[in-house]
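Visitor: Just so we're aligned: the sequence shown equals residues 19 to 187 in the numbering used here.
These are calculated hints, taken from the structure and not from any lab test. In this text, all values refer to a predicted model and were calculated from it rather than measured experimentally. Where is the CB? At the ideal position from N, CA and C, for every residue including glycine. There could be a bad hint or two in this list.
Here are the simulated distance ranges between beta carbons [claimed, not checked]:
1. Phe95 - Ala63: 30 to 40 Å
2. Gly186 - Phe95: 17 to 27 Å
3. Val180 - Asp114: 16 to 26 Å
4. Asp172 - Gly74: 22 to 32 Å
5. Pro144 - His58: 17 to 27 Å
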Amino acid sequence: MAGGSRLRAWVADLGGLMVVLAVLAACAGPYQYDEGTGIHDATAAEVAGGWENVEGTRVVLRKDGTALFERLDGQDFDFEDGWRLSGTGTWQLTDDDGGQVVRLALTARTRVESRSPATATDTSTPEPPSTYAWSFYVDRDQHDELKLLFFYGDPDIGNTYVMTRETGS
């Protein structure tokens, strides 16, 4: 029976460790960005250029402050509507106390796509907006390369939409 007691103690310790890890993981969720990323050293020249994500989204931020959007999803709860917007607009790098943010504004929508065929045929889905604004946090990865991100869906879940430098940019 001593082996069984040790096993129960080990399982109890493991369970306690899992609770601690879950709490720590929750602390590293979306609320870590409530005040920003703390990045203040990115320049507009460094942010300008092509950005992409794994879902086929592409954004080109031109040095003159204009932007091209291809298949950019909505942020926060708008993401759940399933639309993806393409068009032209503007961008600006801002710096707040908490860190830098790239603010994008779609001013001329040229195309609307849907992430899934079900969304495209669902009549309860709201009409996609003709103009839209996004706020991307500026952050750096482990190689000190810039990345842009926003949260989508339920903010308690902490899903991030990450844009990285376009391959070849």
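Visitor: Of the numbered hints stated previously, which ones are contradicted by the structure, given in increasing order?
Guide: 2 and 5
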